[in-house]
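Asks: As a plain string of letters, each chain reads:
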Amino acid sequence: MPGVHCFASILFREDTLAAIIPPPLPSDDKRWKIVNGTMRKNGFARHALIETLHTVQSSFGYLDDDAIRFVAHSLRVPLSQAYGVVTFYHYFSLKPPGKHTMTICTGTACYIKGADKLIAEAGKQLGIKPGQTTADGEVSLMTARCVGACSRAPVVLSDGEVRGETTCKHLCEQLERWTVA
Amino acid sequence: MTIEELDQIAQSVRQENAKYDYEINVCMDLACASQGAEKLKDALVKAAEEGAKKVLVRRTGCMGPCSHGPLVRVDPEETLYSRVQAGDAEKIVNSLGGEPAEELRCNLEQHFDSQVRVVLENAGYIDPEKIDDYISRDGYKALLTVLTEMTPAGVIHRITESGLRGRGGGGYPTGLKWGTVAKAAGDQKYVVCNGDEGDPGAFMDRSVMEGDPHRVVEGMAIAAYAVGASKGFIYVRAEYPIAVSRLTTAIREARRRGLLGNNICNTPFSFDVEIRLGAGAFVCGEETALIASIEGKRGAPRTRPPYPAASGLWGKPTLINNVETFANIAPIVRNGGKWFHDMGSERSKGTKVFALTGKIANTGLVEVPMGIKLREIIEDIGGGVPEGHKFKAVQTGGPSGGCIPAEMLDVGVSYDALLKMGSIMGSGGMIVMDDTSCMVNVARFFVEFCMTESCGKCIPCRAGTAQMFTLLTRISNGTGTMEDLELLEDLCITVKEASLCGLGQTAPNPVLSTLKYFRNEYIEHIVNKRCPAGVCNIETAAEVTA
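Chains as they are written, first to last, in our numbering: chain A, 1 to 181; chain B, 1001 to 1546.
All clues given are correct.
Chain B stretches covered by chain A per the calculated footprint, using a threshold of three residues with CB under 8 Å from any CB of chain A:
1) 1029-1036
2) 1234-1240
3) 1281-1295
Keep in mind the hints are simulated off the structure, nothing from the lab. Here the structure is a predicted model, which is why all the values come from computation and not from measurement. Where a beta carbon is used, it is the ideal one built from N, C-alpha and C, also for glycine.
For reference, chain A alone in the conformation it holds in the complex:
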């Protein structure tokens, strides 16, 4: 059936073209090349969306509109779907993080051992709520579902460094270190 063949070849051609000519990089920032690398490694397949978003977030710290648009176009995923994925998963952030990030684990073991007190203390010290960044852009206060260090609960991550059996005192000391530095 030549008609079917022709139809298939057009589809194929379009797919290949899109793969060969992805949209231009949003800027000459080198980090876009890393993002592009992830997509290339996955053959610009649609299922690489989450992987690519991870690369964007680890390179830029968050996902902005330009990034989501660029990734969606490159992978030929509808913008709505890309935005849906970004907002569905808690790990993705649409806001730039502060210079430092304090993440308080709110898993069950941490909760039983008083993580809520730590959150209240950090909130009081910084004057922000979890999920926010201080006005000077210095510290972001985040909560995590569980980082898996439950045996040393309550756990706090300071710029990714895990500390077990954290007390309010430890927490304040860490915040002071950041503000002094």
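Place chain B on chain A using the hints.
Replies: Chain B alone, transformed into the frame defined by chain A:
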């Protein structure tokens, strides 16, 4: 690679290790690392270099009793030291060959005596980033035996014979699942490892992936051979960066040794594994949601059937098992199905790893034969609730499980017994609570978790958990009524029965189980406006509403 070559590698590792007089194993699992194990290891290496004896300092995975970390074990004496800091390094090195450093000794005989290690057999003995360490402890022997001596049907038969049930929580017979995928038609099949350990308070899968990653890869390869798959995915939470990096290394090393890739060990069997990162969605632990997530979509579950065994990843037959299930495969193949079948209780075979946390002396990972009494786990292995407080309940199964009161502690742990008590086995989190925990507050905590983690696809879960949370908030702040309690119970049944997937179907469990065993606490909040544990903020909340 042949079995003989594997033996040669194991032999050379043993010879290399024999050059040293002593081995100092440092636990570098997350819990110990959070207490300074990294610095400790550096200090030990330095002290060992300066000392006269030949000492091998090795980083290992979790040794178990995390609350005593950072842990160090000196072999061949098997002396365990607890709470070791970098400053103690010289003391330990100097004690080699003489009397052990008594003040650092960790005396936990009772903790270890009742444990049986199958999944954790290598934990604390191998460097997770060295494939040869794994091979020296019979690693990949099972895979090679399977590829050269067994038929796929033979492998499935052995797994079925072992009585292994899925360790992710549901307890579906693993052999039966493998058989279904093997029978499914299709030339392309997938094997997926569910490492999305979303249950807050459980960390055994993390520990296995970080401490013994090759065990998971080997289990997956055996499964792939049995069901006829050529491609595998490990879905890991992004919150576990160390697990991701250890697995990445393990996969690379396995490929280098020819234990993954095309024509593994010169057989027609080809299999390769890729890692997929989760992005913080509890619902992705549900298999159809997990599949959607691997496909790059929102992690929304769909109705079953068709089950993934018939139509899974990209519509192809897919085998999905949990990390711990895969970790059990190699020992079963090596030791036979009967060996595994002889352990455990009547309908739950083998061992189970539990993450023991909360208000208990020895927190950490324990592996026990199924059927062991909860009391033994909590009092003998866990060392009981620290002094001055009284045991109140143990929570198993995370947000999908329930709270088990003191009077039920003599029940043996098995899938069916836990279900009967209104809880579930779940992935193996066990959180001990004492008299300072308020059960209404705990139920509210879990319902809030399920409410925020609900994917929003079906109404019973999306709206039901939100309403449950409102009712529980009212009760906990002292503004609830007895009608609220009745409504809550009614709503629990609706959510349980009408939800689409496991998340919604089990979300009411924490509420129902606390209502069953701790109803008086709810009534105390409602009638006497009092929180018996002193946790809930009743007065201030009442003032606000007034």
